Each structure stands twice: as structure tokens, then as C-alpha cells.
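**Q** Protein sequence lines, in the order shown, are assigned to chains S and A.
Heads up: the first sequence begins at 1415 in the numbering used here, then just goes up one per residue.
Heads up: the second sequence begins at 50 in the numbering used here, then just goes up one per residue.
These are computed hints drawn from the structure, not numbers from a lab.
Model, not experiment: these values are computed from the prediction.
Using N, Cα and C, we set each Cβ at its ideal position, and we do this for glycine too.
All clues stand as given, with none of them false.
Ranges of calculated distance between the beta carbons of each label pair, as one might list FRET restraints:
(1) A:K134 <-> S:L1485: 54 to 60 Å
(2) S:A1448 <-> A:V159: 29 to 35 Å
(3) S:R1513 <-> A:L196: 42 to 48 Å
(4) A:D129 <-> S:T1605: 28 to 34 Å
(5) A:W82 <-> S:S1528: 51 to 57 Å
(6) S:V1439 <-> A:V159: 28 to 34 Å
Which bits of chain A does chain S cover? Going by a derived footprint, with three or more residues having C-beta under 8 Å, they are:
(7) 159 to 170
(8) 173 to 183
(9) 208 to 217
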Amino acid sequence: MTETRPPDRLPAPDGEPVVRMTGVVRVHGEGTGAVHALRRVSLDVAAGELVAVMGPSGSGKSTLLNLAGGLDRPTEGSVVLEGRELRDLSPKQLAELRRRSAGYVFQDLNLIPSLTVAENVALPRELDGVRTARARAEATAVLEEVGLADLGDRFPDDLSGGQRQRAAIARALVGRRRLLLADEPTGALDTRGGDEIIQVLRQRADAGAAVLLVTHEPRYAAWADRVVFLKDGRVVDSSAAGMETAR
Amino acid sequence: MSVRHGLLALLSRGPRYGYQLRAEFEASTATTWPLNIGQVYTTLSRLERDGLVSRDDQGGQDEQGRVRYAITAEGRDELDRWFAKPVSRADRPRNELVIKLAMAVTTPGVDVAAVIRAQRSATMRSLQELTRALRTLDASTEAAQRLVVDSMIFHAEAEQRWLDHCEAVLARPSEENP
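I would like the entire structure built from these sequences, with the hints used as guidance.
**A** What follows is the structure, encoded as C-alpha cells:
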């Protein structure tokens, strides 16, 4: 499917993980109605690593993803994204760090239908204040990396489900964002579309991105370097492929 | 698993020596089921006894005294029947994991959740290894080998789902443990 041009490796900062979560607790609500979504979870995702998170619904998977990308703040514990402790940041600084460092891919509703694929992908960079021509050039480059070089001028509705998700991955990564957070990105796709997406996620990790993938599909989780099992807000297990060891 | 029919299928392509059968069997199943040469010759002598293969007269013996075997007409009929007939689930070997979990649930003092967790990690690890193996197969790989790896991936995936299911069923609050 996609061409296999060896992508440029993004710089890895001295082995420091792109995101490091330590003893993270997230409680929704208060008192007797309090829900413990996460209970002391620690997790690192390094550059070049694909980590899959599995677990039954309500186990805290999406909360974990939101915290890793700075969309939510922990009740207790520490989240360090690209070397910055999120607790110490003002809402404005947090929003900026989030925009520069993390990209999201959801199951659905990723793209704006009235913009072309290239415009969708360039949009986050334009919001960063990058000039249109440069944002478009960056969009073209990242679209090529996900195998959509020829489809930039199409509208999302003209693409297959798998192509739309690849465009969403491109948008999540544009502008050298190194953390890719994917919440059930294969959920709305058939087997072939799902296979395309997991291959692109794997390639992006191999090219130096840190990828955190929430999935309930064991077959896709198996592409990860590490699989973390969550249950009732706790990490109950983790399985590393090959020689790498789980932290 | 039918080594017998596997060998008949290979012999239907032409007469072969035992060592060739072993190599081809392993190649076409992506070395999933290693065969020892003794198994090959035992199976061949049973097939010969049943009239499904015969010693190949034209080929005779090679310099090491090894015998070449050929499929008979009866052998071809048997092979056709095998391909035509679906494999019955009851013919497959018992699943140790299923027995183990059933025993774990009913044996006092066994932490079933721990049994499930340990198995799930192990199964995921083999699923990761199989996926890695599949990724390294290049486009020129025989379809048969690819399909064998796919099959193992699907089985591991099914086992993983079943373990999740077991965990969910056992986690349901019961009357004494609301």
C-alpha cells in the first residue's frame, strides 16, 4: 500500500521519554459520588515506541490518553510532556504545549468536511501561526509520509475510511509533533482499512514518533512494542515484545 | 493434525523420498509443525500397509538405500475425500487452557484472576511475536506460509478475546459478593 521511503528520524532527546506519567491518579467528582478513573498509573512512552493500551470499557483507557496529551490534568501524580511538568503550566501554556507536542486521532469525526485533505492537515500549523505557504508545504510532506501524496486536493468525503484515518494521522503529526495519541483509530474501519492504519502507526513510531494507542483489538495491539492492560484504573499487566523490557 | 494426509498431498505432486517429504511439509507450514524423520517413515509404512502409497519402482533406491514413494489411485481417492470433508471440531485435540481454567474456577484456593492475567500476557506476547514474524515476511513469501502465520494470529487473537470474556464473566458481582 504506502510507499516505504525511509522517513527522516526525528531527533531523540537523550533517551528522555516523550511523555512520562508517574503515580497518576484521576478522580472525577467528589465525596461519595467520586469515581476513580485512574489509580496510581505510571507509564513512559519513548520516541520510536508504539505502546498499546487495552482493557474493558471503564478501565480508564481514554482518561489515560487524555492525561498523556494534556487534555486533562491529574488529581495527583505527575505528567511530564517533552520535559515539561504539566502541573506547573498555566492553562495558556498548557494549551500551547499540547498544540505543539501532541496530536490526536479518534475513531471518527477527525476531519473538517468542507476543507480539502491538505487544508485539514495544514490547519493545526496555521493555528500555530505558521504562514499558509509553509503550513501547506509541511502538510504535503506529512501526507506523503502516510502515503496520501496524491490526495491532498480531495475532500474527506471522497476518501475511503482508511484514507481518512491516514489523513487524520498526518494532521496529528504535522509540524514535528512527536506524540501521537490514537483512541480506537481502527474502530470504524473494516479489516483492510484497520490494517492500513496500524501499519502507518507502526511506521510513524519506527520513524521516531511516540505513539500511544488505545484499542480493544488484540490483533492491532500486537503491533506494539509494549501492551499495557488496564483494569479499574490500574495497570494490571504489561507485555513487551522481543528483547525490550517493560518498565 | 493429519500428517498422513499432508504427506499424501505432497506425494500427489510426484514421487518423493522421505527426507524430501519432511522438508516440503515443514516449508509449506512455515515450520509450524516440525516433523521428525521417524514420524515420516512410520506414517509412510502405514500408508503403504493401507495401499495408499507404494514404493516407486522407477526411482528405486538412491545410493544411500533410501526408498522413493508414490501415491496410488486409492491414495488419490483418500486425498480427494480429505479435501472435500470439513474438519470436525470434535476431531481437534482438547484445549489445555480451557481445561485449566475450568479447573481453576472450581478448585478452592486458586486465584483464577491471576491465572487469566498470566495467560493473557503470555498470549499477547506470542501474538506480538507472530505479528513481528508476519511483518518480516516479504512479498515473495509463499502464500501457504503467510496463511499459516495468519491462522496462528487468528487463534491467538481468539484466545485473547476469550480470556477477556472469562475475566468479565468472573468479575460480575455475585450474590455473596455484591
